[in-house]
Each structure stands twice: as structure tokens, then as C-alpha cells.
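S.K.: So the sequences go chain by chain: A and B. If you read the first sequence in the working numbering, its first letter stands for residue 1, the second for the next number, and so on. If you read the second sequence in the working numbering, its first letter stands for residue 1, the second for the next number, and so on.
Hints listed in this document are in silico derivations from the structure and should not be mistaken for laboratory results. Think of the CB as a built atom: it goes at the ideal place given N, C-alpha and C, for glycine as much as any other residue. Treat the hints with care, since some could be wrong.
[Claimed, not checked] Selected chain A positions facing chain B (in silico; Cβ < 8 Å):
#  : residue
1  : T13
2  : S96
3  : D116
4  : G119
5  : E124
6  : P132
7  : A135
8  : N247
9  : V285
10 : V298
11 : G302
12 : D306
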Amino acid sequence: MQILVVAEHDGATLRPATLSALTFAQSVAQVTDGTVQLLVLGHELASVVAEGVKLAPVLVADSPDLASPVADRNAHVIAETVQSRNIDLLVAASTSQAKDIVGRAGGLLGGAMASDVTGHSFEESELLLERPIYAGAAVATVSLLGTPKIVTIRPSSYSPAVPQDASCDAHDMLIEPSSLPNQMWLESVRSRASTRPDVTDARVVVSGGRAFKNSDDFERIVGGLADALDGATGSSRALVDAGITPNELQVGQTGKIVAPELYLALGISGAMQHLAGMKNSRTIVAINHDVDAPIFEVADYGLVADVYEAVPEMVRKLKEIQAD
Amino acid sequence: MKILVPIKRVVDTDQKIRASDDGSHLEIDHLPFIVNPFDAIALEEAVRFREQGSSDVEVVVVGVGVPEYEEQLRSAIAVGADRAVRIACDEELDPWNVACVLKAFVRQESPDFVVMGKQAVDDDSNQVGQFLAAQLGWPQATFASHVEITGEGLRIHREIDAGIEIVSVSLPAIITADLRLNEPRYASLPSIIRARKKQIEVVDLETLGVEIEPRVRILGVRTDQSSRTCTRVDSVDQLLECLRSEAEVL
């Protein structure tokens, strides 16, 4: 199978999620005796390409018109590349950007697509894909009919590919600006800068729910514990709806799906939609004042306590341990 | 202005899902069904446009499926849709084929824009809106948390991994609704009663000229078996000790 992985980057480096996508691609390539290439779209890509070539041969789509992740033109270039280079399998990590852009590319390429794949296997020569449905309450095993196939993978299900010492080739593709669709425009992005790790890659995620009454309390208590553990902060839907936390912190079926080493659910009741986003974490801790909160059913360790008291105590004691 | 709102009929999200013993399908036929929550948000947005708009706005809902869809189409009328259409189809369609059917219907109806939920809470694919936009060659704005009509088209706020992205698109366009676009209303009892008398138009796939060509084959389903036994601790000290020595995560 000829496999093309669409890279996601911030202009300087590849997103870790792309490295997970590469692991999936390499695994499929191995079984099918195929090839893997990495497609990098954007503008001024030297640094991203330099990183990419340590992982796979890179196709570079560099153009000022591709500087922003606008779906119509990016999907167009992806689809053109797949068709002109006889790609059998298009792969990306299932991020909000890929759902938007690679989803549209899938629509340009005939729609044999499976998203948020968490596992795969081969039966004879058929690629079988596992993907969660019903907010992760069930898992479906599917196969895709026709070519090309389009797959987005759940990053937490595939460990990141390791760069090699030797560099592969990079090939610049010609992008004709006049051939690109032009019906959508990016005006601005509102994003909060943070020194904390990204919730999707962090080893530790400290998440807060309804127990927290305002942003200051969230930052002080949830943020405090996250910092003591060098972790990321996450949030249940309730706090985002209330405007207490920004949407990019939401963990859940329709927010971010995470699987860190340690997930601490603070003052989170454990609605099914939230569990969908974190139940595959290695160790789950729940602290909630309600002894019957559903979160305790998926936790490894549960403490019935007021988070406003227990968490600051935890932070104090962690600092004492660290000071020793 | 005409706004088209495709809706999907899904199992009520409160229900416990079970796979059949042979793992070939999920046992859902006897369960209560609802309008996909994200589609309900899309419908609410369309109805608000009509209520706040100065010009004539027609809201058309469409569902692709079995006769039982009429229940959900009637709730959509009760909420405020002007017309409801069922495109008759007995088989479960994958996202590609849903998009093919909707594309043919869009070509027939010529809406100014289509607004639908970003994903169905049963399949969780998050693909139909994007496939439909690609097939039509229309711009798309996915995961919308705010939509406004501008002189040139629409300005949309999108919820993305990094935060909020503000984009503008020309019309006609496809919008997919995210959680915080609005809070859907409950239909009043008089509206529900009135909706019972409303005619649901039924359209054939042949009339639309669509041929179903499956792209996804479902080989099996299983319920997620993972469960954990929760160790209840009595103090922060005990918790930290467990995390350090037993779980070895500190």
C-alpha cells in the first residue's frame, strides 16, 4: 500500500499526534510491503521538513495560500496529491484540524473513511479497523471499501514514531495559486498561551468539574495541582459552558480524548460523555464530595472529600515530598 | 432565505448499549430514540435565524431513513421547522452515502445554507458535513459555536483544539454545529399537538437519482468491557501513598 500521512504542525515543529499517525502508517506499510510518505502543507516549512525527513520521505506543499489551515484549499491539495501519486491510504491524527480538512479531503476522494481509529489488524490482506462508537460505550470493527482509504487515528492509541538518524528525501510540489478554491477565509484565532503541557500529550492531566465556582478557584486549585505534578489542566463540559474554563480544556466525547499516565478528576461527577474522553488513562483518581458520584466507577482510587480542602492539602504534601 | 437542517434519529443517550451475543450488531431496536443532540442544536439555530431575521426564512428539516423517522421529524416541526421531509431508505447508510443522498436533495432544494450537527452521537464519525461540502464544492465551517450573517456571507466562530477560530465563508455553505452554538428549546405542548397534524413529505431515492454504494462494512461490534475496581482511600496521605508505591505514578 502506498500510504500518505498528512502532517500537522505549528510552523516550527510537528505535532506529537502526527508521530502517532506515522506509527499506524508504518505498521500498515510493514504488513503490506508498502511505502510511507509525509505530506507537509503550509508556508515557510524548512524547520518542519527538517524534522519530517528523519521520519519519512516528505512531500512539501509550500505556498502563502496554504499558510492557514483553511479547509477548502488544503483539502484540495491533499486530494490532488493522493490522486496524482496513486496513494492507497491517506492517514492523519484525529485532531480538530484533521476532522475538518482531512474529512473534506475524504469527501473529495470517495468517502471510504474511518475516523478516530483505536486499533487495527489484518485478516488475509484486508485491513480491519477498530473505532469507538456511542461515546466509547461500544467498539466497531470495520473495513473500508474502495480506494483510496482514509483513516484518522486516535493519537493516544498509537505511540509516537521515533526519528531515525538518516534523512529521507524531501520533494517540493508545485502549487498553482489560481487552482486553489477561495471561498473561505480565516480572520483570527483566539488561543490562550500556556506554559503547561498540552492536555493531549501530557503525562499527567488534572481535570476540574462543577465543584469549582470560578476561574480563579480553578486556576488556583486545579492549576496548582497540575503545576505540582508538571501536568496539564483539563475541564469538564460544565465549566466551559459556564465560561469558567476555555473550550480547549474540555475533555470528553466531543472535546479532547486523552489517555495520560495519571488522570485526576476533581469535582467531576462522571457523566458518560466525560468518561469517553479519559477512561483509557492508565491510572485514574477521583476526588468528589459525593460518595455515589459515577466517576468512582471508573477510578482506580477514590477519595470522598471537598476538593477545596483536599487538593490544596495534596499540593502542600507533594511539595514537601519534592523538597526532600 | 431557505435553511436546510438534516437530522439523524439516534438512540437516547441515557440508554445502556448492548451488543448481540454474536457481536454482529447492537441491540437497539427496542430502545427510545431522539433527534441527535447536535442536530437539535442546528435546528434551534435555524429557527432563531427565522425568528430574528427581517426577510422570509424557511426552515426545512430532512431525515434519511425508515418510517419511524416521522417521530423525530414531527418533534422538529414542533420546535419550529416549516417543512419536514423524509427521504425513504430502509438500510443503514454510511456517512458517504448519507452525503450523496443529501447532495441530491440540496441540488433539488437549493438552500442558502445547510446547518447540521457536527457528529451523530451513535456513530461519532464527524464526517457527513465535510463530505457534503466537498461533494457540493461549497465552503464549510465545522464545530460552529457562533454564526452571524454578514454582507458577504457568514462569519462563524469555530471551536478548535487551540481555542476559537473565526472564519468567514461565502454562501451557499455547510455549517456543522458544536455544543455551545445554542441551547435548544423545548417544544410547547400546543406545538407538539399541532405538529401531529402536519404533513411529512416522503421522497424516494430513485426520484433523487441516488444509487447506494457502501464504503464502510461493519464486521462486528462489542461493548467496551473495561472496568476498574476503585480503591477507596480515607485521606490525602493514603492517596499519595497509593499513587507512589502501588500505582507508581509519582
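S.K.: Decide, hint by hint, whether the structure agrees.
M.R.: Hints versus structure:
1. T13: Constraint on A:T13 not satisfied, violated at 15 Å.
2. S96: holds, 4 Å
3. D116: This hint holds: A:D116 lies near chain B, its Cβ roughly 7 Å from the closest one there, short of 8 Å.
4. G119: violated, 12 Å
5. E124: Hint violated; A:E124 Cβ to chain B Cβ min 13 Å, cut 8 Å.
6. P132: holds, 7 Å
7. A135: At about 7 Å, which falls below the 8 Å cut-off, the nearest Cβ of chain B leaves the hint on A:A135 intact, so it holds.
8. N247: holds, 5 Å
9. V285: holds, 7 Å
10. V298: holds, 6 Å
11. G302: holds, 5 Å
12. D306: violated, 12 Å
Of the numbered hints given earlier, the model fails hints 1, 4, 5, 12; all others are met.
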